[in-house]
Amino acid sequence: MVHRMSERPVWKSGVTLAVIAAVCTAMVALTWQLTADRIEKNKTEWLERSLQPALAGLFFDSGVTESMLVIPQPHELPGKDAAIVYRVYAADKPVAALFVVTARDGYAGPIRLLIGIEMDGTVTGVRVLEHRETPGLGDRIETGKSDWVLQFDGRSLLAPEPARWAIKGDGGDFDQLTGASVTPRAIIKAIRQTLLYFEGNVEAIFAAESSEEETD
Amino acid sequence: MASSISDSLRNGLWRENPGLVQLLGLCPLLAVTGSFVNGLGLGIATLLVLMASNALVSSTRRWIQPEIRIPIYVLIIASLVTCIELVFKAWFPDLDRALGIFIPLIVTNCAIVARAEVFASRNPVGASILDGFVMGLGFALLLMAIGAFRELTGQGTLFARMDMLFGGEPVRGIVLADNGWLLMVLPPGAFFSLALAIAIKNVIDRRRTDARAHLPRRARALDR
Ligand SMILES: Cc1cc2nc3c(=O)[nH]c(=O)nc-3n(C[C@H](O)[C@H](O)[C@H](O)COP(=O)(O)O)c2cc1C
Chain F
100 MVHRMSERPV
110 WKSGVTLAVI
120 AAVCTAMVAL
130 TWQLTADRIE
140 KNKTEWLERS
150 LQPALAGLFF
160 DSGVTESMLV
170 IPQPHELPGK
180 DAAIVYRVYA
190 ADKPVAALFV
200 VTARDGYAGP
210 IRLLIGIEMD
220 GTVTGVRVLE
230 HRETPGLGDR
240 IETGKSDWVL
250 QFDGRSLLAP
260 EPARWAIKGD
270 GGDFDQLTGA
280 SVTPRAIIKA
290 IRQTLLYFEG
300 NVEAIFAAES
310 SEEETD
Chain C
664 MASSISDSLR
674 NGLWRENPGL
684 VQLLGLCPLL
694 AVTGSFVNGL
704 GLGIATLLVL
714 MASNALVSST
724 RRWIQPEIRI
734 PIYVLIIASL
744 VTCIELVFKA
754 WFPDLDRALG
764 IFIPLIVTNC
774 AIVARAEVFA
784 SRNPVGASIL
794 DGFVMGLGFA
804 LLLMAIGAFR
814 ELTGQGTLFA
824 RMDMLFGGEP
834 VRGIVLADNG
844 WLLMVLPPGA
854 FFSLALAIAI
864 KNVIDRRRTD
874 ARAHLPRRAR
884 ALDR
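Those protein sequences? They're chains F and C, same order as listed. The numbers in the numbering used here rise by one with no breaks, and the one at position 28 of the first sequence is 127. The numbers in the numbering used here rise by one with no breaks, and the one at position 190 of the second sequence is 853.
It should be emphasised that the hints constitute simulated quantities derived from the structure, not laboratory data. Idealized CB from N, CA, C, for every residue including glycine. There could be a bad hint or two in this list.
Unchecked claim - Straight-line Cα separation of at most 30 Å, BS3-like style, residue types lysine-lysine; simulated pairs: (1) K864/C x K179/F; (2) K864/C x K142/F; (3) K864/C x K140/F.
Stated by the list, open to error - Part of the chain F face toward chain C, derived, beta carbon under 8 Å: (4) V114; (5) L116; (6) A120; (7) C123; (8) P234; (9) L236; (10) G243.
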């Protein structure tokens, strides 16, 4: 091995490396070709699936993902990035709006939330789409771990009034999570802010043209 | 052949277990084992990469000059991991979402380069694939064991969120307690669990050698 190493000219090694790099690139390119369509399809399917909980109990006849509206900064919704709204219709009449917003003040980072709101301002459902809260503490906001996030179903800014949109420990109406109040506070604040935004901007939201751009 | 298969099984699963004995791939081992389902998912992904990388390295070993072998392994492994990530995104999207960054991070698992260097670069393709399978299996079983242990002690559940692998509604798994010892799910718990696993293995190995020492010579030779 050792004497072979010194005999071989450097350019030969370079050529071998280049050939293998080309083969590897081809392999990745081919895999990408074969998977790109499915990956795109999965993304849409996943989006539709993750919007489902906020659509429960609604009667509607419109395509939800096509009605996407991107609300760029600056906006009064939670989060520093653009917010996304999906509009739901029945016989061309608005039924509900699904918001995808970011609560910035989670314990371990931003929490991506799906919040469905009916025309009368009641919450149809809230789900956590993405978070980095501590397993066993803050992660009980997932439906797979506890029912905590279901307590917002059917609530609105009338019941309870905005001032009582807080955890019980802070004088509000909502359950907290044992040993973790930072996470619930962040989520409740984000829902309340979204409800307030909806109240003030319903007409503008349903009047706007759908956004074409795919965001993710 | 049969004996070589059982021999390599014993090597991969026990005597040279990549995680327990060689202490390779510590980064993913410590990072994803917060729950059983994560351990299982990453275990499968790593196993696939190991087999494919061993197969590729072994089949190109004739053309690889020793002085450039490391960059070539890196190229092969990085491309394979990218392919596996795409395949997961296409066919197992839930698993891909569950493991997130840890699929691309398989690249950093030294167990894979180590098998390329130690085994695949000097052995025929079939044997190399078997080696990749066995080593991957040893690693995956360890990931699952540590994942199960940390989930159980840290959260009081077992097999929670298996839906991420098999689809369907979110499942809570077997709930044994509402709360656990949080530390076990956090990074220190990963170190404790690995240390415990290594200690248990050492105790078992010691018992075995002791037991063997009491056997008559002939039996000992046969036992080997
Ligand atoms: C390692 C560690 C992780 C924590 N993770 C969270 C978390 O994800 N969410 C949360 O709300 N609180 C978390 N906490 C607890 C907060 O620091 C804080 O003590 C708690 O939210 C206060 O809750 P209490 O008002 O019910 O006592 C964590 C604490 C520690 C030490």
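Consistency of the hints with the structure:
1. K864/C x K179/F: 50 Å, violated
2. K864/C x K142/F: Given pair K864/C, K142/F is violated - Cα atoms ~43 Å apart, limit 30 Å.
3. K864/C x K140/F: Given that 30 Å is the threshold and the Cα spacing comes to 46 Å, the pair is violated.
4. V114: Since the shortest Cβ distance to chain C is 10 Å, the answer is violated.
5. L116: At about 6 Å, which falls below the 8 Å cut-off, the nearest Cβ of chain C leaves the hint on L116/F intact, so it holds.
6. A120: 6 Å, holds
7. C123: 4 Å, holds
8. P234: Result: holds, 4 Å to nearest chain C Cβ.
9. L236: 6 Å, holds
10. G243: 3 Å, holds
The structure shown violates the earlier hints numbered 1, 2, 3 and 4.
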